[in-house]
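4 protein chains.
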Amino acid sequence: MAQITVAILGASGYTGAELLRFLIHHPQVKIAALTGDSQAGQPIGDVFPHLAHLGLSDLVRVEDLDTSGIDLVFCCLPHGTTQEIIAGLPDNVRVVDLSADFRLFDLDAYAIWYGHPHQAPKLQEQAVYGLTEHQRDAIQTARLVANPGCYPTASLLPLIPLYQAGLLSDATAIIDAKSGVTGAGRAAKRNLIFSEVSEGMQPYAVGSHRHMPEIEQGLAQIGGADIAVSFTPHLIPMRRGMIATTYVSMAGDATLNDIRATLEKAYAGEPFVHVLPDGETPSTHAVRGSNHCQIGIFAGRGEKDVILISAIDNLVKGASGQAVQNMNVMFGWPEQTALDGVAVFP
Amino acid sequence: MAQITVAILGASGYTGAELLRFLIHHPQVKIAALTGDSQAGQPIGDVFPHLAHLGLSDLVRVEDLDTSGIDLVFCCLPHGTTQEIIAGLPDNVRVVDLSADFRLFDLDAYAIWYGHPHQAPKLQEQAVYGLTEHQRDAIQTARLVANPGCYPTASLLPLIPLYQAGLLSDATAIIDAKSGVTGAGRAAKRNLIFSEVSEGMQPYAVGSHRHMPEIEQGLAQIGGADIAVSFTPHLIPMRRGMIATTYVSMAGDATLNDIRATLEKAYAGEPFVHVLPDGETPSTHAVRGSNHCQIGIFAGRGEKDVILISAIDNLVKGASGQAVQNMNVMFGWPEQTALDGVAVFP
Amino acid sequence: MAQITVAILGASGYTGAELLRFLIHHPQVKIAALTGDSQAGQPIGDVFPHLAHLGLSDLVRVEDLDTSGIDLVFCCLPHGTTQEIIAGLPDNVRVVDLSADFRLFDLDAYAIWYGHPHQAPKLQEQAVYGLTEHQRDAIQTARLVANPGCYPTASLLPLIPLYQAGLLSDATAIIDAKSGVTGAGRAAKRNLIFSEVSEGMQPYAVGSHRHMPEIEQGLAQIGGADIAVSFTPHLIPMRRGMIATTYVSMAGDATLNDIRATLEKAYAGEPFVHVLPDGETPSTHAVRGSNHCQIGIFAGRGEKDVILISAIDNLVKGASGQAVQNMNVMFGWPEQTALDGVAVFP
Amino acid sequence: MAQITVAILGASGYTGAELLRFLIHHPQVKIAALTGDSQAGQPIGDVFPHLAHLGLSDLVRVEDLDTSGIDLVFCCLPHGTTQEIIAGLPDNVRVVDLSADFRLFDLDAYAIWYGHPHQAPKLQEQAVYGLTEHQRDAIQTARLVANPGCYPTASLLPLIPLYQAGLLSDATAIIDAKSGVTGAGRAAKRNLIFSEVSEGMQPYAVGSHRHMPEIEQGLAQIGGADIAVSFTPHLIPMRRGMIATTYVSMAGDATLNDIRATLEKAYAGEPFVHVLPDGETPSTHAVRGSNHCQIGIFAGRGEKDVILISAIDNLVKGASGQAVQNMNVMFGWPEQTALDGVAVFP
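Residue numbers (numbering that gives the first Met the number 0), protein chains in the order written: chain A, 0 to 345; chain B, 0 to 345; chain C, 0 to 345; chain D, 0 to 345.
Hint data in this document are derived by calculation from the structure and do not stem from the laboratory. Since the model is a prediction, treat every value here as computed from it, not as a measurement. Cβ coordinates follow ideal geometry from the N, Cα and C atoms, glycine included. It cannot be assumed that every hint is accurate.
[Said to hold, decoys possible] In silico BS3-like pairs for lysine-lysine, Cα to Cα no more than 27 Å straight-line:
(1) B:303 <-> A:303
(2) B:303 <-> B:264
(3) A:303 <-> A:264
(4) C:303 <-> C:264
(5) C:188 <-> B:188
(6) D:188 <-> A:188
(7) D:264 <-> D:303
(8) C:303 <-> D:303
[Claimed, not checked] Looking from chain B toward chain D, a few residues come up when the C-beta cut is under 8 Å (computed):
(9) 13
(10) 181
(11) 273
(12) 344
Sequences and hints are given; from them, build the entire structure.
Below, the structure is given as structure tokens:
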């Protein structure tokens, strides 16, 4: 079986660990190199003891990466550091970037939301936004896939088919989102230590989270709708899992049946997106550790109101799982390859 | 110092334990009797080992309760069982009822939402809805106080002053609420066991939770506004704590400054309700174990949109703490008596 | 590729869910039937929403199980109900029993520890204790494998090679064990609900846990040593994971180097048992969701004292993972088949 | 009522927060000053939002502390920084030091275990080890009280009366201890972030924890026994709570009844130490947030073996609660003053 050779840049964080969890089972993938600047020279077992027995190569510095023979790079570097590094890769290396560096296509918007001018505007033009279920054709031929953020993935999956079908009004979409703590990464910060997080919750970045413009861009570019999004994320005391509870209104004569029919049709053949039967409620327990997404549809309080609830694992469908799914599309393999696990329950 | 004598009916649940935690420090209260039908005859230490050393009386059956000399009863019985029991108490015994049995003043609404006709309609007429900060006068002379639900308490505190001041439109108020698990009580249910709850979350009772009509009633009776409420609760993997994230629109020319000024004025002298400074975010960590409520005010996405965020401990301000606060009002004592603890952090 | 057909009895509990998580990836296994008496007639998605999309068969009653064509039964029924059911299976059906019903080979000991006479003494004679790494030959030809308990698995793996080598004294082995909550099963019990378990811990069954005689039997039958075991389990607020911290003394002239050399040699070729390098500490984080076991070796306080620390996932190597591993041995397949996943971290 | 004036040095950590939680209710204490070098100049609400409404003074640098009028200092500074600071305080200021800086009376042992020579050997001579129940007389007149570590407190309370009574052999005492995460403090460290701690556990500092010599010193100085201690701590995924499971052997003809009678007599009049009835098991749930300690006594596996299990809240009886208790002794107030709360359960 033909294999490609991949490297993971920034392998010492959670998305790196999660990529490795999937890729070691991928029959078409050979993991050639792992970078991690602050732990360069160390075996991967030093940063991830659960991977110590796999015989993976030691961490190297990004600048020491030998790109000869590399077919694909997964880039898990911190936001803001990725653009120049990817710009320096040979043209024949394809890239799935898990950072936010290539997700906003409007360079002015990027500068506003990320606080500095974009460092690789030419590359940005080539980038494809990797919401797999809705961008397959573009992903297949893309050199650079900007893997979506976790909140945008959870938010866009239920909304895009409905805006595409013209079933929703152009009123502001209210997205009340809740995320597990791994979404905040692996860096040591006081507000993330167990004693500050366990047994409590709080909203954060109210009205100012960088995933808000990314969601609006997705609704516009893919959903074809110019919608303002009110986005409020909350930090929940659990490692993994994300729920987006979305409040929207139907347009014209649209009914809840139309909503359901449209979503069911949109995801009928999809292996990872599941529209739940009437009355069933999504739960992060049902997707934990897996690339699945559950979508629930509920009547809202007003006649035209709809509540859409979607659940994903922020590290899988919201990051590394979707990245592997995108690689599978890029190379023409079945999308479920290495991703066919079910949730780890309990 | 003059003391009253109290009994706790249904003392073996979480609200009973929490009442005891406060009342043992109350200088004006003598705890005379505790009921718990399924564990009648046992010492309280059998159901709550942390209270074993206090020398409290053993649990008795409700029917064996000697009400002579009892001045006040806290009733913590399950919803639906309370009406007849309270109806059977002597007239001179005052009551703070922590169940939902006397919260809905419209008997038809009660029958619809609770599935059976009200058993004590006469008593219902006497009941006062015990949202302390907004009902002090009525509570002071009430014989029967219906202690508010946890979600209604968290939801109504930020909303009532704003509707009273006419600052909010009459559009549906969207309340996205999140609660710790103690809100579901102490009964053994599979969906509540640790392995089903930890490390995951899910919405429940979407559009059908019984606290929805209670919130609407509060907005109408106290806030003076006929508002439909879209209410979506979520179960969060933590013991205590509740956040209501509320999405509303301002009326007419009202501004965010008006919103802030009105809420700050409404709660300026209150010991337990804290309107946070601009930019600060409520957190359940800051109220855990205490009777405090934090309220945050944020600009929404649209020019007229406002996001109100309130945090309480569902077992304290959302149940037993407010019950003690109401007793303090009923007997003319300082409201902070026995409730002056700060949050247990971390 | 030749396939066998399996049934899972008692599929609606945690060990059933975990078996399914592995077996759906097993190339040689076809899952033919699932039983669950209290939920017979329901689709598996009703009891495990995360498995709803797999197209598995509905739950049936044990008595309605059609055993024709079944090659292997995994039995996940509650302790005490299994003996008669297995006795009723056709002789050609091989069995891996995850209950405790066939683990104690001394029928008198069984009666004492389990409170009733053994119901299938003839079958007991055929049973093989399925601690895979130490019983491969017997497992390979066994008709009935008694899958070890979680505590015995964690305890015996570090101890057996050392007793076999005569390196440990015959003094009492002290095993202080800690387990996640899934070990207590899925039944609704008050002491297991989230609010009673989260953020606290406690020992239980001190000196009286049924795994104590099972550990002693393992040390005797496999380790060849007649050792009394002091066993104290603790319930830890986490779903999965188990650590056994074992305090023993070396015999004669044995040194810590001997201990290490013996354990490293014993598990040198093992895919699932990892003796950690000097100074590294086992952690349940490194084995969560996987069939791996980490063993750490530490010098004790006295010159002859040794501390052995082993970590497993109680539901995997401590239950369903080892059950699949045993099936792999029984049918001559590579032991890692369907079990090659690494820990789910974070 | 006469009041003293206190300062808290290092008030921005968990022991500082916990001291404040108690002291604000203490009728004889006026909190005059709080230090916190890295956040000097900020209001306490910036580091502890739950204390924002109390009107406490802003944080100042230690070097800017005005000690005039201060009667007592609680010192919560990091280990190793305290000796010189306390040495610089006026002689009339009494001190309760919560760091480890004055706990080891043997200066050579201090240098070995803490890696540097003691900076204030003269002061060390004055220090009294503040295990309240066993050092009351010395504490009453002490100028400097070295507040015990959490593990030593949990370990020594059950052991000291038994060694004093000569009931235990001089064999090594094995203490297998488990602690919540707050014991590791509030500093941002990767190994303490929620995603690394939740849902898993691990031992740490096996055989090398600095509380081991402190326990041995306590057994020697107070218990009168020269005992080697084998001490293995484990990090448990919960904020607060500590259990010490201790394995010892009885001396001579001592029986379990002797053990029980001795412990019951030793703690008969104590408000905070509770010897549980036969068969009852200590739990951190029963002491969470309180100054209480539960002790359970169990027969071990061998005829002479005993298992002692003690549970405390590491931040309360293991730190700030005992510090307040010691202050109460130093000034002749009832020991329960400001400490009469029961556990926060659930």
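May I ask which of the numbered hints given earlier this structure violates, with the numbers listed in increasing order? Going through the list in order, the structure violates no hint and respects every one.
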